[in-house]
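Participant: Residues per chain are reported as follows:
4 protein chains.
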Amino acid sequence: MRIFEEMESEVRGYIRSFPALFDTAKGSEMFDEQGNRYIDFFAGAGTLNYGHNNPAVSEAMIEYIRHDGIIHGLDKATIAKKQFLQKFRETILAPRNLEYKVQFTGPTGTNAVETALKLARMVKKRSNIIAFTNSYHGLSMGSLAVTGNSFYRDESYGVRVNSAFVPFDGYFGDEINTIDYLRRLLEDQSSGIDLPAAIIVETVQGEGGIHVASDAWLKSLADICREFDILLIIDDIQMGNGRTGTFFSFERAGITPDMVTLSKSIGGGLPMSILLMRPELDQWKPGEHTGTFRGNNLAFVASAKLLEYWDTPDFANGVAAKSQRFEAGLSAIVNKYADTEMQLRGVGMVWGIEFNDPSFAGELSEEAFKRNLIIETAGANGQVIKCLAALTISEALIDEGLEIIDAAMQAVIEKRQQLRMGSLS
Amino acid sequence: MRIFEEMESEVRGYIRSFPALFDTAKGSEMFDEQGNRYIDFFAGAGTLNYGHNNPAVSEAMIEYIRHDGIIHGLDKATIAKKQFLQKFRETILAPRNLEYKVQFTGPTGTNAVETALKLARMVKKRSNIIAFTNSYHGLSMGSLAVTGNSFYRDESYGVRVNSAFVPFDGYFGDEINTIDYLRRLLEDQSSGIDLPAAIIVETVQGEGGIHVASDAWLKSLADICREFDILLIIDDIQMGNGRTGTFFSFERAGITPDMVTLSKSIGGGLPMSILLMRPELDQWKPGEHTGTFRGNNLAFVASAKLLEYWDTPDFANGVAAKSQRFEAGLSAIVNKYADTEMQLRGVGMVWGIEFNDPSFAGELSEEAFKRNLIIETAGANGQVIKCLAALTISEALIDEGLEIIDAAMQAVIEKRQQLRMGSLS
Amino acid sequence: MRIFEEMESEVRGYIRSFPALFDTAKGSEMFDEQGNRYIDFFAGAGTLNYGHNNPAVSEAMIEYIRHDGIIHGLDKATIAKKQFLQKFRETILAPRNLEYKVQFTGPTGTNAVETALKLARMVKKRSNIIAFTNSYHGLSMGSLAVTGNSFYRDESYGVRVNSAFVPFDGYFGDEINTIDYLRRLLEDQSSGIDLPAAIIVETVQGEGGIHVASDAWLKSLADICREFDILLIIDDIQMGNGRTGTFFSFERAGITPDMVTLSKSIGGGLPMSILLMRPELDQWKPGEHTGTFRGNNLAFVASAKLLEYWDTPDFANGVAAKSQRFEAGLSAIVNKYADTEMQLRGVGMVWGIEFNDPSFAGELSEEAFKRNLIIETAGANGQVIKCLAALTISEALIDEGLEIIDAAMQAVIEKRQQLRMGSLS
Amino acid sequence: MRIFEEMESEVRGYIRSFPALFDTAKGSEMFDEQGNRYIDFFAGAGTLNYGHNNPAVSEAMIEYIRHDGIIHGLDKATIAKKQFLQKFRETILAPRNLEYKVQFTGPTGTNAVETALKLARMVKKRSNIIAFTNSYHGLSMGSLAVTGNSFYRDESYGVRVNSAFVPFDGYFGDEINTIDYLRRLLEDQSSGIDLPAAIIVETVQGEGGIHVASDAWLKSLADICREFDILLIIDDIQMGNGRTGTFFSFERAGITPDMVTLSKSIGGGLPMSILLMRPELDQWKPGEHTGTFRGNNLAFVASAKLLEYWDTPDFANGVAAKSQRFEAGLSAIVNKYADTEMQLRGVGMVWGIEFNDPSFAGELSEEAFKRNLIIETAGANGQVIKCLAALTISEALIDEGLEIIDAAMQAVIEKRQQLRMGSLS
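Going down the list, the sequences are from chains H, A, C and E. Numbering-wise, the working numbering puts 857 at position 273 of the first sequence, and it's gapless, one number per residue. Numbering-wise, the working numbering puts 658 at position 74 of the second sequence, and it's gapless, one number per residue. Numbering-wise, the working numbering puts 957 at position 373 of the third sequence, and it's gapless, one number per residue. Numbering-wise, the working numbering puts 598 at position 14 of the fourth sequence, and it's gapless, one number per residue.
The set of hints was computed from the structure by calculation and includes no laboratory data. For clarity, every value in this text was computed on a predicted model and none was experimentally measured. Take these hints with a grain of salt, some might be off.
[To be verified] Away from chain A, derived, C-beta distances all over 12 Å, residues of chain H: (1) Leu860; (2) Leu928; (3) Ile988; (4) Gln994.
[Unchecked claim] For lysine-lysine, the following DSS-like pairs were computed, each having C-alpha atoms within a straight-line distance of at most 30 Å: (5) Lys869/H to Lys869/A; (6) Lys869/A to Lys954/C; (7) Lys671/H to Lys709/A; (8) Lys709/H to Lys671/E.
Beta carbons: idealized from backbone N, C-alpha and C, even for Gly.
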């Protein structure tokens, strides 16, 4: 591992949390150089909803490469892109009565967010964008301006221009409806919050610590956007692709956003991002926004293949069953260790436990890794354990993983007790 | 092709310039659905320096996929990443006495640029960045602030924060040394140009219209940066990876930048970007700058394989020979049509012809495509024909392509003569 | 009056609300060209707390001019400036145990605000400033970024950089303590609200519509600033100089801000602004912030003279009595016209009535002016009648003015009834 | 003087350069507490073009105060304002065939500049503003963004938004026409310099170090503005009011700017600023831009009185004669001390000598003050001695002042010789 220390920037992170040299992976299992097996409750931060090296994808990719299919296409027309568009329309958009146009942006999430914000400002001719507390939309300068966590910004370089933050659902306790507060700010032309071009929101804040917006809150948000002529952008980069149980995370609320950003799992693990927009908003001039890797055709091949999961309701049904299994298992753990103050939150296949003692989550992740489970922390202080297993995970692996969490909980608690007794004696 | 019109955003560009439905590609040839063959003098805007579907890469990728190698790794340690780092050190850095640390950024060029600018500001605790006229560094908000072309910005959304533009080499005629002007601005604390954290520059401006900075100018620029304690960032996204004849484009000037951005061809057609930095500058905190696709392991596999081209001097020697062939061929065309005012510029395997009549270049590209040559325009008004063939192209294909350019020139000139005569009669 | 229409910019405002050609004024009475007398409940938007042409000031000014005293001094030392500093220390600072240093800024309020924000950012090395809903701090670009009302900003030119707005006391109903919300935002490093250099606040929002922060809220705000190492800036431009009953408006809350901006009445009607700062914050380099009119010596003469009002408690006692007279009189009106929905708010000598029907206030102001009372509207929609009489006004004039308000109320109500009946018939 | 040290901010500057406690002043003479007399070659940084305590003004002010004339009028109509408008139209605008509308802005120069920039952006719906190297337009955030000197900005607080700097006349040597460079930047949509709403310029840069734009350069600038549909704003705050020999400084070039900012001497020493604009540009909504002291009526009285100087050509003729006296006297000094490298520059009644050794100017100012002459330095490094005497100064005082400069030159040179000899021995 020395070469990473010698050559890779100090910014490296996960190599520190999960110090193994990984070699191969399949479904929800990863294997290191020595052949040690790890259960993956992380799924590439939501990029591997369909598992590592999904066989159907591997097959399709190999075939495409063998065929000498176009790999890098900029925005030229290619067979692979055509097939992706057809499949996406047929399987995803049409059954949901959605008529979005598709923009292929640079290949990573922040490129889609930047594109959405730029288009929103251009169309609405307004500069302000509203985002929410604990939001995460990416780290390039445009996206960073709507990302809550100040860790990613530093006084020496960062400026916030034309963005404003308002409280997410539940941010100020259960009694206070934060949409009422938003309405007050919008109605009052003297609130300091200029009428925005758009509001950008995650229906479930993943990096922010697994905060689930209620259906009613999302509906009110959509209503308020329509009422004030504000574009609603759902950032579905982490929560789309079935993560919350439906393909789009906003389906549960019965709303239709003006724009949707998709990335992470849409390319089956390969870099790919798209922006969906209502056709009226598609006011770009040709070539006005570009990016070298907006035509990653290998990702189009993978994507078209994976969208087949959504051809029948079976896949969603399976996810629902696994969701319940997760919820039940984690609830049991929360109840078992009732002395440790923590809250379980989640929906679909995204679950988190927030610990009142922020350092608990990091220790738990560490103990879990010792027991060969990969599970990440989230939240501003890393105070949340985040379960983000692949949607294709088997029930057996879920159970095995939950048992490791249980054992790791026990281990952290015991270690802390010993520390406390040690400091007493 | 109807589905692209129906579903893809109006922003699509190259599909309009090159209206074919492409299927496969090999080396410097592309084939459309009907099996028509095209010669590629575009090379994915510099992403395919080693040709389409380079056999060595295809083989390595298939093997890696078959092996179930990690595809998406965030910044976990993987065998593929380790091998890339080793190969990059051994083949590229060590022989050139470079001791850069490597940061894996988001997978497209603009992510590397954003990372470089953020780090420069953080380390130097200064907000300003200087860029050059006709520069192109990407379109996310941070990069856009140092990109010259206002087409990509629109009054309704764009702000320029903390960046300043100064004239590139030769911008104001041959007599004026623009470095002297830069020195004047830096020495004068009242010039309005605040001492910058960094100066970012392309050694050859590709998108800007093939402007080649001289060795002396680049050396003076490096000197002035050292003298004023300014970081020098070479954006080698399009001009690195051998495009100008050496692996890094700045080698010809004998300078060592503080940071270098690499992307496009570094991943052999797959999305990948890295930032190189002098070790002292690596002041990041773990996880302080991240990105979902900073661990695109398939690209690492492709990259490590392609770096083998640089193991011996043969490759660079071959590029030099082809460079001369291009220069000679294009010079002949320029001389042949001496009535058409145009200038040839270039170095290595990047050549451009600027036409005094800006619309000529677009018509030439169109006529060339009718004859099955893919060649793009560049420059603020699309006034330049840009030859950016793969470095691996055969001499026969170069000649064939040049003949098409010749024929297309003839066709444009004739068409114009007919138009003129038509309007006279 | 035609010359104003011909030559003065369309931006002119009060000349439209109060269409008379004014000639002279004395105390709380103004006289137009024809000798018509008006009672002044506006006091130059709080600039004339000590009345028009206060005899003591007029005398001192004439004497100073006759003596050929320095009029314009930049920041040279002058006798007039020395006497102002001595008087200000002796009469204002020392008795209140305040040890502020004084910076003479440009002569109008926004210059003092810009200076305070710049110094706060420089000292704390943080870019963010927090301001409140409905705040008004001036219209030059730095101050405008912390002014709530979007009327003063326009999408075509304005950017908000490095400022964030949070709710003022009572902004979201009586049950919600907005300081708790502020605390939540500050504690959460992922709230999107970066730790600010300073919080700037008016203890009573005048332009914003007469919102009075409670003593407890102000105390909590001061506590939270200390706790999070944030500078507290009280913008006392309109509410200082006795407007709320004490010299500084924050005295009632028993807090000591880090900085205080003073302007308007401090110069007795002549342009003058100062910034007070705790000595540790005075980290300016000589000449680092300047302004042509920072040494308006005629204003220093006026100011020193007027500060004599504060030598004994008599003046404050008199203000307290008049405050009660205002409150009682306005309460009686509110009760008398109980069918008209309105709320009375205020403290000291600043009182406002907010009407649920926003256009009521403007009509009332118009009717009052017909009856020779000058009274302004405030609030984002001009929905508030603002009583801002001079502190030196006589009880007789208060009563006379209140009677006019009563009559004007009656007139507006009758007019509306007639309109309603008219539209019915 | 102790109270200034104890109570006034460290930012104080001129009190350090001219350490006397001033009491009275008349014309071009000032007197300190002890009755010492000083000749004033500084004139309040250009605020006292008509001398200290001009008798006509003093008389008019006293009369106005005695009459209880409105002192503070916001933007209400007053007799004093009406008389100013009439006089300004009759004496200044009409004879010059100018049809500007007048906006009364906040009372100091930077308020007028902020107003001009805001209006330009609003009208043109473009964000960028172009300013020049060595420009000085004020220190509030909007103006600071177009002020060249970085001393007034500090990395910890300052951002440059939407402004760009280009070289002033002669900035890069006599051979290079900087207007050609500007044209190149504007014609090239990829230059990084977005088409600006306005270009703001001083015809003579005062604070920047006495740089005089040539008539031809100014004419070309006006032409280029018209050609590219850019508003031309002349900042005539320091150079207007006759400083360069005509009332407006741009008269010599025969151009008509779109907007003009006036302040400093327009109020005869009292704070006053106005913005002049072509009527078509007056697109403000009522009250859209305000300021407490935009109706400083005492300044209107002073101003109307002083404009009488321009009723006949006598005044301008007198200024021309004095200008020649200054030029001749300073040239003689420059020639006399030919061993000291320096350049004389100027026009009208603004003259500067730039010393190759920057510290020379400061020492000269110091020696001059010892001999009772007040003369300031200018330029980024204080390398210029700036003669800015009142236009009303007598020839005798000019001569006396020039003799002091001569003596001070001698003293500095001798001191330096002694130092050199001391360090040799």
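Participant: Does each hint fit the structure? Answer for all of them.
Facilitator: Against the structure, the hints come out as follows:
no.	hint	verdict
1	Leu860	violated, 10 Å
2	Leu928	holds, 25 Å
3	Ile988	holds, 18 Å
4	Gln994	holds, 26 Å
5	Lys869/H to Lys869/A	violated, 40 Å
6	Lys869/A to Lys954/C	violated, 68 Å
7	Lys671/H to Lys709/A	violated, 49 Å
8	Lys709/H to Lys671/E	violated, 43 Å
This entry does not satisfy hints 1, 5, 6, 7, 8, going by the numbered hints stated previously.
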